[in-house]
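Q: Here are the chains, one letter per residue:
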Amino acid sequence: MCSIGEDDFGDEGATHAMLPGSSATGTVLSAGSCSKCNLASDELYKLNFRAAECQLCFLSYARHKFRAALGAAKALPRSAEVLLLVDGSGASLVLLDMLHFAQTQNTFKRLHCNARVLYIDACGNDSLSSLHKLHERYAPFEFYVIQLNAEPKSLQSLKEYSASIVNATQQELRSLTARQDYGLQQRKRLIGAVAAHLQCSHVFESSISSTLATQLLTSVALGRGGSVALDVALLDDRLQDDIKLLRPLKDLNEQEVQFYVHAQQLQPFTSENELDQSSAASLQNLTSAFVANLQINYASTVSTIFRTGDKIAAKQQTNVDPTTTCTLCHSVLDHQLSDTLLAIEYSRAVSEMGVALQQHDNMEALEQRARQRLTAAQDLCHACRNIQAELTSGNIP
Amino acid sequence: MPIDCKAKCGNKAALKRPKTGDALCKDCFFAAFEAEIHHTIVSSRLFRRGEKVAVAASGGKDSTVLAHVMKLLNERHDYGLDLVLLSIDEGITGYRDDSLETVKQNRDDYQMPLKILSYEELYGWTMDRIVAQIGRSNNCTFCGVFRRQALDRGAKLLGVDSIATGHNADDIAETVLMNILRGDTARLRRCTNIRTGGGEDSIPRVKPLKYSYEKEIVMYAHYKRLVYFSTECVFAPNAYRGHARAFLKDLEKVRPSVIMDIIYSGEQLRFKDTAKKPVRGICERCGFVSSQQPCKACVLLEGLNRGLPKLGIGKKSKGDRMIAQQNQELALRERANLVKNDF
Numbered sequence: 033m034c035s036i037g038e039d040d041f042g043d044e045g046a047t048h049a050m051l052p053g054s055s056a057t058g059t060v061l062s063a064g065s066c067s068k069c070n071l072a073s074d075e076l077y078k079l080n081f082r083a084a085e086c087q088l089c090f091l092s093y094a095r096h097k098f099r100a101a102l103g104a105a106k107a108l109p110r111s112a113e114v115l116l117l118v119d120g121s122g123a124s125l126v127l128l129d130m131l132h133f134a135q136t137q138n139t140f141k142r143l144h145c146n147a148r149v150l151y152i153d154a155c156g157n158d159s160l161s162s163l164h165k166l167h168e169r170y171a172p173f174e175f176y177v178i179q180l181n182a183e184p185k186s187l188q189s190l191k192e193y194s195a196s197i198v199n200a201t202q203q204e205l206r207s208l209t210a211r212q213d214y215g216l217q218q219r220k221r222l223i224g225a226v227a228a229h230l231q232c233s234h235v236f237e238s239s240i241s242s243t244l245a246t247q248l249l250t251s252v253a254l255g256r257g258g259s260v261a262l263d264v265a266l267l268d269d270r271l272q273d274d275i276k277l278l279r280p281l282k283d284l285n286e287q288e289v290q291f292y293v294h295a296q297q298l299q300p301f302t303s304e305n306e307l308d309q310s311s312a313a314s315l316q317n318l319t320s321a322f323v324a325n326l327q328i329n330y331a332s333t334v335s336t337i338f339r340t341g342d343k344i345a346a347k348q349q350t351n352v353d354p355t356t357t358c359t360l361c362h363s364v365l366d367h368q369l370s371d372t373l374l375a376i377e378y379s380r381a382v383s384e385m386g387v388a389l390q391q392h393d394n395m396e397a398l399e400q401r402a403r404q405r406l407t408a409a410q411d412l413c414h415a416c417r418n419i420q421a422e423l424t425s426g427n428i429p
Numbered sequence: 392m393p394i395d396c397k398a399k400c401g402n403k404a405a406l407k408r409p410k411t412g413d414a415l416c417k418d419c420f421f422a423a424f425e426a427e428i429h430h431t432i433v434s435s436r437l438f439r440r441g442e443k444v445a446v447a448a449s450g451g452k453d454s455t456v457l458a459h460v461m462k463l464l465n466e467r468h469d470y471g472l473d474l475v476l477l478s479i480d481e482g483i484t485g486y487r488d489d490s491l492e493t494v495k496q497n498r499d500d501y502q503m504p505l506k507i508l509s510y511e512e513l514y515g516w517t518m519d520r521i522v523a524q525i526g527r528s529n530n531c532t533f534c535g536v537f538r539r540q541a542l543d544r545g546a547k548l549l550g551v552d553s554i555a556t557g558h559n560a561d562d563i564a565e566t567v568l569m570n571i572l573r574g575d576t577a578r579l580r581r582c583t584n585i586r587t588g589g590g591e592d593s594i595p596r597v598k599p600l601k602y603s604y605e606k607e608i609v610m611y612a613h614y615k616r617l618v619y620f621s622t623e624c625v626f627a628p629n630a631y632r633g634h635a636r637a638f639l640k641d642l643e644k645v646r647p648s649v650i651m652d653i654i655y656s657g658e659q660l661r662f663k664d665t666a667k668k669p670v671r672g673i674c675e676r677c678g679f680v681s682s683q684q685p686c687k688a689c690v691l692l693e694g695l696n697r698g699l700p701k702l703g704i705g706k707k708s709k710g711d712r713m714i715a716q717q718n719q720e721l722a723l724r725e726r727a728n729l730v731k732n733d734f
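Respectively, the protein sequence lines represent chains C and X. Each position in the first sequence, counted from 1, maps to that position plus 32 in the working numbering. Each position in the second sequence, counted from 1, maps to that position plus 391 in the working numbering.
Just so you know, the hints here were simulated from the structure itself, not pulled from any lab data. Check each hint, because a few of them may be wrong.
[Unchecked claim] No more than 30 Å apart at the CA atoms, straight line, and that leaves these computed lysine-lysine pairs for DSS-like:
| hint | chain 1 | residue 1 | chain 2 | residue 2 |
| --- | --- | --- | --- | --- |
| 1 | C | Lys106 | X | Lys667 |
| 2 | C | Lys343 | X | Lys606 |
| 3 | X | Lys399 | X | Lys667 |
| 4 | C | Lys347 | X | Lys667 |
[Unchecked claim] If you only want the chain C side, here are some residues facing chain X, beta carbon under 10 Å, derived:
| hint | residue |
| --- | --- |
| 5 | Gly386 |
| 6 | Val387 |
| 7 | Ala397 |
| 8 | Glu399 |
All values reported here derive from a predicted model rather than from experimental measurement. Heads up, the beta-carbon is just placed ideally off N, CA and C, and yes, glycines get one too.
Construct the complete structure from the given sequences, taking the supplied hints into account.
A: Right, here's the structure in full:
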């Protein structure tokens, strides 16, 4: 049957079709003269929708995006204590390099903040040598390492760090989707705790536009529509103790990161794919595969998704009362009953009745039962309730 | 080993409900499926007693199940509705002519009056002729834009109070994803609404199957042995929806509840004041609901009649230039004729 509905038409007419076309990835360089400063250069950096430019012009363009993201939103107060997350991906090294550069400029252009670097050790210590090299290169920065699932107080500086066995009680969750979602929330909680421990008021995360596009779709698929704005915004204030999470690279794309890595000879030691941990099917892995495929075949669609995220507004928290936020992800709870959530519970209720519905169809009693189930776990948001439902035993701590 | 029906009716389960994961026997599934739609209709106050409601019928599974369930619930719960079937004949040989036979079968089975409106009588063009003009690209634009308006025209003609469409939960989740993929915040705001339109000048459209899974609709139609038409349209499918659909199907395999979760997410989204808002007005030419002047249907029709079928495809400025150029050429020709006549 025809599947085209009235939503398929935009104001410009035409059933929208996705335009095939890939943005060049990888470093494609040639020699020539820079179209910006007119100087001859061995390497010209040609980005989509930009004229070819020399290395210095490209670097100042990319660094400007970073500074502009922070500056335009006035998101970073002077002399703030910043915790920078490095995970070994290209983007995180770019952020480290940019922040280091911003600190070494003359007084007028200098970014006034005190930065520390945090690496979360998830898979043993085979990346320690790379970290030591980074420590040498970006000398004044202090580097800290903590193991995933460890207590915040077990934080060590890189010089003294040795991996120990963490006996954290892993929650038993049935599906990979729930495990990954729970893992992400736990990671955020750990970052917040470490930042508080180091008395940092701000945390820098190295998400770029394509990772945020993936995050947007993932959050929507997980039922986190109410809080998705903060998942992809420049400033996320859901960490503990009023610590702000900032994403200053959000306007950079993959190609710019690759060029920057090449220009500054950075050596990423984990790829984005490895961070996904597993190739098995979960909503998160399927979504990142979907976006990766779009990136190859319909690159402009990825930036459209990212820009959609820019238009979504965060729900205003009326006060800082902790009872209005989810105990796991700290998003604002939606206390108004949703018809959609009620419909799910109503489905469960009628499934239990079956043919008996025909004899005594008491819609009000069934709806009452559905409402009771819906209001059972009041302190969790819908998506975190989904995690809770997949626990084999106990409650989310 | 066969599993017992979750409703403890004593029967063995015949199916597993994709929506809740419950194993049910056929009869319990029918009862649950119908009770849910009844609940949606009542709790969302979709209809009022005494109203005349047009069921948009294409002959496909969704509209067939909708017509069947609407008739059944109207009688069982005494809604007091006057139900009619409304079909649009786009004029696609080998597709719509066959599916209309199914709709006629529904009319006889459910004893509901049927009104068929054709593109031919409304616009003077059939889809077959439009495709002959424009080719296989962009043809769905004509079909979809004309159908949207044709339903409004049909509803006005029948004097109904609302139009019930067969959009199911999968369709709505798909639309949420599609609108994110193309950054259409105006439609993202309203695509999860169970009722759209319905101002002073338009007839509201409602989606009683909003919370029904496509798989359950297929199961219901299959076990109830309803007659429906399931052939794909002979013309090309749509790219954005196709991508969103394939993605959603993959997600659904991993976690079936994802469909409802996406609808929920779509409902929870709030937009910045700077984001585009939907504007609904009335087309000055034809008087039907439109967000622009003139409405898309009028522009497309003008393009067909002027011999410029690409007029409504793409940017408005481009269309304006095409019209200006054609007017200029016509004026030139007219002047040439005048000169000739002078002799």
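Q: State for each hint whether it applies.
A: Structure-based check of all given hints:
For the proposed pair Lys106 (chain C) and Lys667 (chain X), the alpha carbon gap of about 25 Å is at most 30 Å, so the pair holds. For the suggested pair Lys343 (chain C) and Lys606 (chain X), the alpha carbons sit about 33 Å apart, so the restraint of at most 30 Å is broken. For a cut-off of 30 Å, the pair hint linking Lys399 (chain X) to Lys667 (chain X) is broken: about 51 Å separates their Cα positions. For the proposed pair Lys347 (chain C) and Lys667 (chain X), the alpha carbon gap of about 18 Å is at most 30 Å, so the pair holds.
Proximity of Gly386 (chain C) to chain X holds as hinted, the smallest CB-CB distance being about 2 Å (cut-off 10 Å). A distance limit of 10 Å between C-beta atoms decides the matter here; for Val387 (chain C) the minimum to chain X is near 5 Å, and the interface restraint holds. Taking 10 Å as the C-beta cut-off, the interface hint given for Ala397 (chain C) is violated, the closest approach to chain X being about 12 Å. The closest approach between the C-beta of Glu399 (chain C) and any C-beta of chain X is roughly 7 Å, which is under the 10 Å cut-off, so the hint is satisfied.
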